[in-house]
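S.K.: Single-letter residue listing:
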Amino acid sequence: MTVPPDRGFSRRSFLKGSAAAGVATTGIAAAPAAPAGPTTFGPGLHEIELRINGKARKVEVETRTTLLDALRDGLDLTGAKKVCDRGACGGCTVLVDGVTTTSCMTLAMDAVGSEVTTIESLSDGDAVHPLVQNFVRCDAMQCGFCTPGMVMSSLSCLQRRGQPTVAQMQHDLSGNLCRCGTYGRVMQAIQRTAQGGGK
Amino acid sequence: MNARTPQEDVKITVGYKALPGQKDDRLEQRTVQPAAGDAPPWDATTQFALVGTDVDRVDGLAKASGRAKYSYDVTFPGMLQAMILRSPVARGKLTVLELDEAARMPGIQAVVALKEIGNKVRFVGDAIAAVAGVNLHLVRDAIERIRAEYEREEHNVDYLVANDAPMVDDKGLVTEDWPADEGMTAALLDAKVTHDATYRVEVQTHSSLETHGGVARWTGNDLEVWLSTQATFGCRGELARALQGKKVDVGSVTIHSEFVGGGFGSKFGAGIEGLALCLLAHAAKAPVKLMLDRFEEHTTTGNRPGALMQARGGVDAEGRIVAWDWRSFGHAGFSGSGGSVAVPNYYTGDAKVRRSHKDLAIDADPPRPMRAPGHPQGWFGAELFLDELAAKAGVDPLAFRLQNDREQIRLDQWRFAAERFGWDAARARANAPGARMRRGVGLSSARWGNLGNPGRPAHGITCRIHQDGTVETRSGAQEPGVGTKTMLAVITAEELGVDLKLVKATVGHTGDPSGPASGGSTVTPSLAPAARHAAFLAKQQLCELVGKHLGVPANEVVCAGGLVGLGKSQLRWAEACKLIGPNPIDVRGQRFANYDSKPFHGSQCGVQMAEVEIDAWTGFVRVTRMFGIQDCGLVITRKLAESQVLGAMIQGVSYALHEQRILDKRTGRMLNGDFLRYKVTGARDLPELECHMHSIANGHDSVGAAGLGEPPSVASAAAIANAVFHALGTPVRHLPITPDKVVQALAKKG
Ligand code: FES
Ligand code: FES
Chain A
1 MTVPPDRGFS
11 RRSFLKGSAA
21 AGVATTGIAA
31 APAAPAGPTT
41 FGPGLHEIEL
51 RINGKARKVE
61 VETRTTLLDA
71 LRDGLDLTGA
81 KKVCDRGACG
91 GCTVLVDGVT
101 TTSCMTLAMD
111 AVGSEVTTIE
121 SLSDGDAVHP
131 LVQNFVRCDA
141 MQCGFCTPGM
151 VMSSLSCLQR
161 RGQPTVAQMQ
171 HDLSGNLCRC
181 GTYGRVMQAI
191 QRTAQGGGK
Chain B
200 MNARTPQEDV
210 KITVGYKALP
220 GQKDDRLEQR
230 TVQPAAGDAP
240 PWDATTQFAL
250 VGTDVDRVDG
260 LAKASGRAKY
270 SYDVTFPGML
280 QAMILRSPVA
290 RGKLTVLELD
300 EAARMPGIQA
310 VVALKEIGNK
320 VRFVGDAIAA
330 VAGVNLHLVR
340 DAIERIRAEY
350 EREEHNVDYL
360 VANDAPMVDD
370 KGLVTEDWPA
380 DEGMTAALLD
390 AKVTHDATYR
400 VEVQTHSSLE
410 THGGVARWTG
420 NDLEVWLSTQ
430 ATFGCRGELA
440 RALQGKKVDV
450 GSVTIHSEFV
460 GGGFGSKFGA
470 GIEGLALCLL
480 AHAAKAPVKL
490 MLDRFEEHTT
500 TGNRPGALMQ
510 ARGGVDAEGR
520 IVAWDWRSFG
530 HAGFSGSGGS
540 VAVPNYYTGD
550 AKVRRSHKDL
560 AIDADPPRPM
570 RAPGHPQGWF
580 GAELFLDELA
590 AKAGVDPLAF
600 RLQNDREQIR
610 LDQWRFAAER
620 FGWDAARARA
630 NAPGARMRRG
640 VGLSSARWGN
650 LGNPGRPAHG
660 ITCRIHQDGT
670 VETRSGAQEP
680 GVGTKTMLAV
690 ITAEELGVDL
700 KLVKATVGHT
710 GDPSGPASGG
720 STVTPSLAPA
730 ARHAAFLAKQ
740 QLCELVGKHL
750 GVPANEVVCA
760 GGLVGLGKSQ
770 LRWAEACKLI
780 GPNPIDVRGQ
790 RFANYDSKPF
800 HGSQCGVQMA
810 EVEIDAWTGF
820 VRVTRMFGIQ
830 DCGLVITRKL
840 AESQVLGAMI
850 QGVSYALHEQ
860 RILDKRTGRM
870 LNGDFLRYKV
880 TGARDLPELE
890 CHMHSIANGH
900 DSVGAAGLGE
910 PPSVASAAAI
920 ANAVFHALGT
930 PVRHLPITPD
940 KVVQALAKKG
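First to last, the sequence lines map onto chains A and B.
For the first sequence, my numbering begins at 1 and goes up steadily by one.
For the second sequence, my numbering begins at 200 and goes up steadily by one.
There's no promise every hint is true.
[As the list claims (entries may be wrong)] Derived lysine to aspartate or glutamate pairs resembling EDC-like cross-links, with alpha carbons at most 20 Å apart:
id: 1; chain 1: B; residue 1: 222; chain 2: B; residue 2: 208
id: 2; chain 1: B; residue 1: 878; chain 2: B; residue 2: 495
id: 3; chain 1: B; residue 1: 268; chain 2: A; residue 2: 124
id: 4; chain 1: B; residue 1: 703; chain 2: A; residue 2: 47
id: 5; chain 1: B; residue 1: 268; chain 2: A; residue 2: 62
These aren't lab readings, by the way, just hints derived from the structure by calculation.
Isolated chain A, as found in the complex (with noise of 0.2 Å):
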């Protein structure tokens, strides 16, 4: 089991002391000449730095503005879907330091300082992941809306446990809503990959 780290304030800000310095640290980009003490942001736009797949990306957000809004409407980065807006599907799942995460009970700012991946990360051109490989093989989708936030949940499933067995996986996609009924197509993605398969 991975212990998600504390996100928000990390441990080296708060040891830097100052409220600014932190800010820094976090890749906030620079109030304009704040005077001494907290920091506040908003109402309205301000920039804040993601690192999104290895890549530092500028976004403009709110301090309300969710996760998911800013990778979808901000970056364009629309595999992540926005089913429920509530936490209750999974169609969001992004990885936030390793860790699935449903984006749109994530704020944008709550993940600055933090590595964000997303499905984007899992092909590149014709160069794909086996599990993405796996999900096409298996057929593991109908509608296919879904299947960005599965194949996320299921790489974490790998990542995490190797050789999943069929409880784990189902414990570990139970917060995945299929409508079209996929789950058995996608544990034997999961399953196929694990064992090697594809590519």
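Place chain B with the ligands on chain A using the hints.
M.R.: Chain B with the ligands alone, transformed into the frame defined by chain A:
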């Protein structure tokens, strides 16, 4: 015309070879007359290179990699976001609507009224006004500043107390007398064993993961809409009609819908959200995106209606059904229609049969078609009724079906399923008296009748062969996830004898030839023969070129295995295509009427079996395994067809055990309009699932395919309910079978 074009009688073989483990082939000879110019028919003897194999979904990689752009994902520079203000009142009149303050809010660029003062408000969620602005936060802020007031009227959201509702007792049993019918009374009196019971199902929402809505962009009077829809052409006409005041006609509207995140019957119309989106984009002079949120999706985009169903019937001394009396009452919304229920008609032979149905209006969002409309409801009631009747008569449910089912295909399927599932052993296993965990097995038939849209020959497909050897097959119809693109590509590659990788299938743009709505399982049977005809015509043109080049008669040139030619004179496909020149071969295939001769079978048959395990202490039901056999005419893409059947079985588990829209009687509002409290089956509820595709050559057109959206959705919930009956020794006659109902049923049984 090409000499290979069959214009006279063609003899074909229809039917199917014996199912695995069975002895008898069900093959018949037919003589058919294909239309002039159509491709020669495929039949039960055709040797396919691709059709029926396990090809991968052609857009699978786009979907699994997150690259596929659904309407929800479309974005343009300067695009605005939008939302709809919804009525909190279930019934009444709009008396005040002030939009000015909202329009002045920061970032807001358009506000439109969707109702006028004095208009009726018909349910909680009725659309009142819409707002577009630079982001959803600001839009939400502005929506709160709209002043809308209503004159409330008394409302009712309980169909069992609606006007015209039948008399029911406090347990929901129909107490009203059956309408008099002497023949029925006599048939029931003659029967050796009779039974009478009331069944009930609750409202299910479609719950497509991509909500309704889209993106609209105007260029002058031309309108493009990226819409999450099951009917590109229907929506195009609908929007053009609604926007007549904006100098719009059908020709100036283009719908795009390449990827759709599910629809299940709820997405035939552009709806008020589609119209609002276009009006906002027009007013704001900017592209606008409007996608419903999850609560709106649950409460304003239709549902599978609830129903109250009563059956009585009887069997003779041999166990044959001699009387079957059925009436149902459908849970309609404010429209007062759409709640109807279908029941099997192949068990009753010449028995005395009567059926009636009445829809009951309430002040709620009306039903829309949902995967086999009316069928899962009616099959649940009818098949559970049959099991209860069989139990009274002391007959095994399978034996009872074998005795009464009149369709040969299904008789073979019953036996096949029983063998695969291990019916006899599973059925014979008794639960220890007083055991906590109870097991049981149940079964149900399925039927859906459709062989395409023969009345709509206008449906077409474009096929292009390019100089570089690539092939396009294009339809303007949409694909909500069923595999249409893959089907078109496979048919085209099969006809041209080329590698599937060379064929690119495109759907969802109304600039391409028209196709049907994705409803009633009509797309595959309507478009497969058109795709084949298009490829057939394109092939003829290529054969002309190759014939001339090789100096062989064009009408004897064959395309197969990536080669084009005759005998020893062959060109590789790539070489042959170089003869084409800069303009591609570009033809349009059409959907001819079905052959005049009788098809092997006019509908699709299926059988499903289910096993459940029930915790008698908690009432919790788990479906442990299911088996289904399903016919869809010719199976074109096996893996995708299986996905559709397996998915339907999971939806059936969900319908049988979990799903229920709950409306608050006082406010009329849905209490569980989200995915936290509206339960849809998840990975943990997944049974062991297996299915067998039963490929049948129907011989009704050049391909012989039938659709697969509806057929496998019919049986699942009924099979599960029958398994629960077996496990408990007493039926639960009300879906969903939640723990409270199980515990009550056991308590009543004692
Ligand atoms: S959209 Fe985030 S969990 Fe549903
Ligand atoms: S594939 Fe359609 S929701 Fe999962």
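S.K.: Next, verify each hint and record whether it holds.
M.R.: Going down the list of hints, with the structure as the test:
no. : hint          : in the structure
1   : B:222 - B:208 : violated (31 Å)
2   : B:878 - B:495 : holds (16 Å)
3   : B:268 - A:124 : holds (16 Å)
4   : B:703 - A:47  : violated (41 Å)
5   : B:268 - A:62  : violated (25 Å)
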